[in-house]
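**Student:** One-letter residues, chain by chain:
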Amino acid sequence: MDIPKEILLTMYERMVRIRKFEEKASELFAKGVLPGFIHTYVGEEATAVGVCVALRDDDLVTSTHRGHGHVISKGGDPRYMMAELYGKETGYCKGKGGSMHIADPDKGMLGANGIVGGGLPIATGAGLSIKLRNSNQVVACFFGDGASNQGTFHESINMSSLWKLPVIYVCENNQYGEFTPQKRHQAITDISQRATAYGIPGITVDGMDVVAVYEATKEAVKRAREGNGPTLIEAKCYRFHGHFVGDPQLYRDQAEVQKWMERDPIPSFEKQLLESNVVTEEDLRKIQEEVQHEIDEAVKFAEGSPYPSDKEALEDIYTDLVEEGRVR
Amino acid sequence: MRKMNFAQAINEGIKNEMRRDPNVFLMGEDVRFGVFGVTAGLIDEFGEDRVRDTPITEEAIAGAAVGAAAAGSRPIAEIMFIDFITVAMDQIVNQAAKMRYMFGGKINLPITYRTMVGAGISAAAQHSQSLEAWFTHVPGIKVVFPSTPSDALGLIISSIRDDNPVLFLEHKLLYAMEGEVSDTNDPIPLGVADVKRSGKDVTIVATGFMVHKALQAAQELAKEGIEAEVVDPRTLFPLDKETIYNSIRKTHKVVVVTEEVKRGAWSGELAADIAEDIFDVLEAPIKRIGSLNTPIPFSPPLEKYVVPNEIDIINAVKSIA
Ligand SMILES: Cc1ncc(C[n+]2csc(CCOP(=O)(O)OP(=O)(O)O)c2C)c(N)n1
Ligand SMILES: [Mg+2]
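Line order of the protein sequences matches chains A and G.
For the first sequence, the numbering used here assigns the number 1440 to the initial residue and increments by one for each residue that follows.
For the second sequence, the numbering used here assigns the number -10 to the initial residue and increments by one for each residue that follows.
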């Protein structure tokens, strides 16, 4: 591997951080501690991390309902994430967004999205602004296999290819849109083929292999930064958990889940790292412990934080107006 | 009478119509399982052709219903959450609602659009809205909003049999609610309100989940000697103004309670109608209760603050009664 050790360790750390964050969030949700619903990124870590580590800090990303992994991959802080999941005032969105709507604009994260396909035009517009402002950034746009059937996918990529916008469209093909397997929601298997229709490069990568995703993204980022327009990257991956925490998963075979779990992106990356003598087992263990500590701290932070006051509900709708409250 | 919950009642109504009319079919995202289980099991009886999982593509779902209806089918199209109907607005507002009129009455569109509305489960701003006013505003669509299993059963049947596009609203907090329903799957006509509680002192017009909040409020008020009549319009358009007006003629006071953001709400339209039509019978200003003019926040205490509850209704009643 000719990737610097520092980058490899960042990749590993972020993958572990996503895994441990999601495991903790699932556990808390199952216990009834967290409100709303939660879509975890467990199993798909290599995709978000491989993409985001190939970006600069000032590059942008748009996300989905399954957004925790994107926030962490872009350098987000688990404390503010966890507090948001609890609906606390100290959360990323002051408790107003929740799991499905975390944004961290300081880190270039333009927001998770509750509307499937909602992020594609937003990423496209961010790409347009970059071009107009000549800021030399790029945008990575995450979306699912299910989202690739929305009109916004086709409309956005057409616009982007026409205007040669610096956007990397990253389709997380985790084989399911909610409870529907890919073969029952589209008649193709490689979503990257759709790139042909818009005259842009489309590639399929192994989304369980962080290095493969990273390499593919690097190439797409280079193309975007040089003004040659967008790329569609399809990362074949798999969500290990249900669509949401508590999903009984009647639509899939446990054997299928097991088969994919054998390709768990984290142990396979560990193996790669150890075999190429980049790190020692000790290094990895240290990272795991540090991250575990961080996640435990994040829970403490969230639990120790207050809920927002009623008046918080009335603010942030406009920049210059506050809505009227009620007397009870 | 049988007992079933609200979700089962809708399932029963759809089943009834699919058995009765081979042209009826159901499509939507994951309807095979049904989010909240509403359509669960229908595929076992009617098969994949008539219980059709679609890709995630609301505009095509809404529009395919238009085309299918124009060509002779009777589709039930599910838009999982009303929030996602925004993706499908052209097909519903410009196509479904207007086709019959634009074509001089030559094409009927017997479509039932089913969708889930409302707050209460910390589903946040993009999964909790009450957008009924957008649709009552558009000529060419009927809007149905049941509050009990029995009404849900009778009204889903009438909606499917109706030859016009009908938007059928299902409040997510009602799905688990149990109640008695007709043994014979009798339809309930669209445009007929129901008095859920009678009283002589004040009329509370409430819709959807708010009907239950209004009933709770009425119970509390009764302890203080105020007898509230609770009227559930059941369909927002066509609207049974006569039942509502007759109640107000008796009580001379009215509070309209909906979960919608108050600004631009359907409740405002009803209040305006009351003021225009029967102002002379009113002995107090018309009161309206709605959600605050904010998106629905995620955090549970904030959501509770934004959405109206029985205390708001009691306060409003006491301010005029
Ligand atoms: C416009 C819209 N339609 C439907 C939904 C309900 N929904 C939430 S996630 C999801 C499946 C998305 O599948 P995919 O894009 O493959 O993403 P994944 O969940 O697999 O990450 C659906 C149908 C939604 N949130 N928004
Ligand atoms: Mg998917």
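Everything labelled a hint here was simulated from the structure, so no lab data went into it.
Check each hint, because a few of them may be wrong.
To be verified - In silico SDA-like cross-links for lysine to any residue, where the CA-CA straight-line distance does not exceed 20 Å: (1) A:K1750 to G:F25; (2) A:K1657 to A:V1761; (3) G:K293 to A:E1528; (4) A:K1750 to G:N298; (5) A:K1750 to G:R186; (6) G:K293 to A:T1635; (7) G:K293 to A:D1497.
**Student:** All hints, please: hold or fail.
**Tutor:** Hint by hint, here is what the structure shows:
1. For the hint linking K1750 (chain A) to F25 (chain G), the alpha-carbon distance of about 33 Å lies beyond 20 Å, and the restraint is violated.
2. A C-alpha spacing of about 44 Å is found between K1657 (chain A) and V1761 (chain A), which places the hinted pair above 20 Å, so the restraint is violated.
3. Pair hint K293 (chain G) plus E1528 (chain A) holds up; C-alpha atoms about 16 Å apart against a cutoff of 20 Å.
4. At most 20 Å may separate the alpha-carbon atoms for a hinted pair to count; K1750 (chain A) and N298 (chain G) meet this at roughly 17 Å.
5. For the proposed pair K1750 (chain A) and R186 (chain G), the alpha carbon gap of about 35 Å is over 20 Å, so the pair is violated.
6. Between K293 (chain G) and T1635 (chain A) the CA atoms are separated by roughly 49 Å; this puts the pair beyond 20 Å, and the hint is violated.
7. The hinted pair formed by K293 (chain G) and D1497 (chain A) fails the criterion: a straight-line CA distance of about 38 Å is larger than 20 Å.
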